[in-house]
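**Student:** Respectively, the protein sequence lines represent chains B and X.
Okay, so the first sequence: first residue is 1 according to my numbering, each after it adds one.
Okay, so the second sequence: first residue is 1 according to my numbering, each after it adds one.
Treat each hint with caution, since some may be false.
As the list claims (entries may be wrong) - Here chain X is said to cover these stretches of chain B; the calculated rule only asks that three of the stretch's residues, wherever they fall, bring their Cβ under 8 Å from a Cβ of chain X: (1) 7–16; (2) 27–33; (3) 60–74; (4) 160–170.
Said to hold, decoys possible - Derived DSBU-like pairs (lysine-lysine); straight-line CA-CA distance at most 30 Å: (5) X:277 to X:291; (6) B:208 to X:172; (7) X:184 to B:328; (8) X:506 to B:354; (9) B:237 to X:327; (10) X:172 to X:184; (11) X:351 to B:353; (12) B:317 to X:291; (13) X:25 to B:317.
Quick caveat, the hints were computed from the structure, so don't treat them as lab data.
These figures come from a predicted structure and were not determined experimentally.
We treat Cβ as the ideally placed atom computed from N, Cα and C, and that holds for glycine.
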Amino acid sequence: MYKLTAEGEKYLKEGLPEKNLIRKLAQMPLTMQDLKTMAGSQIAVSWAKKNGWLNISGGTLQLTELGKKAMGMETSIEDGLREVGRVGSASQPVLEVLLGRSLAEESREHRAFSEKEIAQLTPEIITSRAWERLPFRPYDVNAPAPVIHPGKKQAYRAFLDDVKRELTSMGFVEMDGPLVELSFFNADALYMPQDHPARGIHDVYFVKEPQYGTVKRYEDLVKNVKKAHLEGAAGSKGWGGQFSEKESARLVLRSHGTALSARTLIAKPKIPGAYFAIARVFRPEKSDVTHLTEFNQLEGIVLDENASFRKLLGLLKEFATKIAGTDKIRFMPAYFPFTEPSVQAMVWHEGLKKWVELMPAGMFRPELTAPLGIKVPVMAWGFGVDRLFMIKENITDIRDLFTQDLKLLRDSKVI
Amino acid sequence: MPTIELSFADLEKLVGRKLPRDADKLNEILQFAKSEVERLEGDDLAVTVEDGNRMDLWCAEGIARELRGALGLESGSAEYDMANSDYAVTVDKELEKIRPFIACAVVKGAKLNDQILKQLMQQQEKIDGTYGRNRKRSSIGLYDVDKIKWPLNYTVTKPGENAFVPLGFDKKMTPSEILENHPKGKEYGRLLDGCRSYPIFKDSKGQVLSLPPIINSNDIGKVTASTKNILIEVTGTDWRTVKTVLLVIAMGLADRGGSIQKVSVEYPYKVPEGSMKAMTPDAEPWTMLIKQDDISKLLGFEIGATEIEQLLKKARYDAAAELDNVKVFVPAHRADVMHAVDVIEDIAIMKGFGNMEPEAPSLPTTGSLTRLDAVTNRIREVCLGLGCQEILNFTFTNKKSLFERMGTDETKVIEVENPVSSEYTCLRSKLLPGLLQVLSMNKHRDFPQNIFEVGDCVVPDTNEENGTRQTRRLAILMSHDKANLTLIKSAVEALLRNFGAQYEIKKTTHPSFIETRCGEIKIGGHLAGIFGEIHPKVLRNWDLDLPVTAIEIELDALKKF
């Protein structure tokens with residue numbers, strides 16, 4: 001939209017200076033000397049010359065044939081001034097001249113209608129009911145429009161949001177815990193012996209500085225856990241071997257979500273109680289198509305007097321339906337240091353035409369729960385939610401889950 | 001979990017029955033031995049044993065033993081005859097502080113061939129590595145009995161004495177030379193770090209059998225397909241482990257047609273059972289009394305005494321129901337059994353997980369997100385409303401991104417001791433570097449590029465039990481040819497207004513931002529964040545050409561969670 005500048009308004013009212021000049025010239029002869037006293041004469045002369053309306057010879061102005069003709073006609077510029085004044089626009093070449101001469105400028109007001117048709121709909125048009133008598137200028141719906149990218153959730157995170165919604169609707173309470181963890185919670189409290197191979201540098205990242213935190217707050221718990229490791233607890237023989245409190249305070253990057261469950265178990269959980277977390281975890285592995293050194297685990301526990309292995313299978317089946325979207329599930333024996341009995345739930349992958357391991361789970365060992373003061377059975381699982389998303393979205397490179405490619409992110413579908 | 005290479009025909013022979021060639025069907029059977037087919041091509045069969053604690057299953061003989069029970073070919077515990085003998089080993093008392101335990105067995109007449117021998121080496125390697133904790137807790141040695149002069153001495157040597165020819169070499173080396181020059185010496189020498197004397201295993205002629213746990217002699221300590229009679233020796237730091245490993249190896253060789261003879265080991269100190277003489281291998285089972293109710297309760301269905309007994313026998317336990325209990329005889333080689341739950345799992349496996357109807361649990365609980373997550377979600381929505389694309393970055397990063405590229409001085413961050421790539425060496429303390437990295441990867445994509453992330457950052461803090469302060473932060477970047485301070489300030493104020501925060505904004509300076517175009521955000525008097533135009537010097541560090549404006553706020557300052 002355009003409007004006239006103050007100068008433009010003045011010319012619209014008083015006429016263009018070049019037009020006024022030739023009119024005057026038709027009445028009396030003029031020299032360049034005479035013009036010096038006339039305001040705006042320079043602009044007038046230069047435009048009249050450019051239009052071929054006059055010649056200057058020996059300091060005297062002479063009207064040309066073209067100039068004589070022009071006196072009786074409305075020029076395109078005059079027409080343009082009127083158009084802009086009335087509808088806020090004019091033809092492109094004229095508009096360019098008007099803008100160039102600062103006779104018109106861009107306007108925020110939408111006065112875009114001519115007497116003939118309506119272009120941009122404006123409050124004025126709407127309220128004046130001009131649309132009752134004027135046609136709308138046809139617009140081309142096939143004309144290209146600029147591409148815009150809406151603010152959008154990261155696709156994988158949106159999926160995690162959905163998973164969280166599903167779990168909370170099933171009655172699970174979200175857990176929280178630190179990324180940098182005491183070995184006590186990352187391993188000891190989970191009944192992983194201190195010389196267990198999965199506690200070594202190939203499975204856990206160790207913090208350089210500070211190397212140690214403190215387990216002082218958990219003195220009694222550490223004592224219980226130590227006893228369970230060395231001599232056993234709840235009727236177990238224990239691991240034997242060695243246990244050092246210093247090792248319990250060793251700081252690591254959380255290597256599995258079960259550390260969160262350990263923290264929940266010591267924090268007076270509700271019984272019956274159901275807890276979950278989507279936990280960021282770290283393993284010293286090189287990233288490739290199927291591995292990440294930092295990834296997510298969906299961790300969860302149910303504490304209940306009546307918890308049982310069969311109920312755990314029922315829970316896994318429900319997860320398969322609600323989260324993985326399949327009811328083709330089967331259960332295989334498995335081993336995890338924290339659980340007994342343990343199970344690996346496999347689901348049928350239609351795309352790959354094979355069974356894929358999806359949900360490792362089990363009943364927490366009594367040697368784990370008893371030292372932490374838990375007297376009821378606990379159903380537990382910790383599965384690769386990354387993999388679940390890949391299966392669901394047919395993603396073959398796990399690194400795409402954390403992609404930094406804006407095209408991928410912008411192109412991702414929300415439905 | 002260990003993957004082991006087997007021969008399909010050999011496994012069939014050991015089981016005593018044809019096995020399906022189809023991997024899925026084979027898995028149906030192998031699951032009873034917690035195993036799964038990894039590869040089946042011709043006679044080559046690789047299986048993964050899905051149990052890091054049941055080293056008795058890490059060999060064809062062990063898997064077959066389990067399957068014979070599961071398939072009903074045998075029932076109850078596997079019995080092995082173990083004859084007493086005059087074979088004896090004496091132990092030097094100096095070993096109590098170095099490598100205190102040894103257990104030995106003699107197996108005569110086992111029928112070996114190259115393929116079985118290969119499996120035996122594989123079994124030895126897997127057990128030494130994982131279960132034996134890289135030979136620290138236990139390590140296995142095999143010898144040719146016919147080259148030995150009994151009795152044997154498990155004794156000590158000075159590092160420079162008792163030179164012998166180690167396996168794979170042709171000249172004599174002293175123990176200290178072995179530690180220095182032999183590949184196994186270099187690999188396992190650390191187990192003898194700080195010892196002035198080393199363990200050595202010798203016969204009564206003075207011949208060296210081995211330098212435990214490093215290397216055997218190239219002569220007596222070499223077993224080939226034609227070796228008729230084998231001595232198995234296991235040394236280590238944990239008596240239970242040493243005895244169990246010995247038993248498992250001996251049982252395997254017995255399954256190959258060998259007959260086991262016991263060896264008496266005389267200690268100058270007491271072994272954990274309290275005696276000073278041990279007859280090994282020791283296959284005496286121990287008993288466990290389990291309440292039948294506990295079994296039903298843990299598994300979640302009623303299971304009667306008869307069925308429990310049957311399933312236990314399939315799982316190769318001897319068992320007898322007694323009133324409300326079941327008395328279980330746990331075979332000595334089942335080192336994994338520590339608690340009744342281990343036995344109950346075996347009952348469940350033999351029952352078949354597929355034969356248990358999953359029971360949908362009813363959770364009488366009300367679910368909820370953490371307050372932090374709930375607030376985070378609200379904040380993410382406002383950012384989306386500002387037209388920003390959400391980003392999900394790794395927490396892991398490196399100091400070059402965090403500091404050098406941002407033009408700031410290094411501050412303390414949480415670094416790891418054992419990084420596997422130079423890209424991931426420490427955890428992020430800020431979100432902005434990760435977002436700038438996103439822009440630097442997308443120079444050729446459409447602008448404007450408005451992006452945000454809400455995520456966790458950590459910095460060292462010795463006041464915390466985990467030595468770390470973890471905060472949830474929000475960062476936004478807006479980049480296009482007209483991006484400037486006004487634009488980002490509008491965004492900052494829109495955010496803070498919508499968060500309901502009492503805030504003030506003050507002029508500040510920061511090396512990542514243009515000096516006069518940078519503001520700090522204070523919430524409740526505390527510094528909570530920063531915003532402004534990123535300095536062109538920083539933009540060049542990230543190879544960026546268009547103006548970038550940025551916000552980073554610590555959400556904890558909002559005190560809303």
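**Student:** So which of those numbered hints doesn't the model satisfy?
**Tutor:** Numbers 1, 2, 3, 5, 6, 7 and 8 - these are the hints that the structure violates, sorted from lowest upward.
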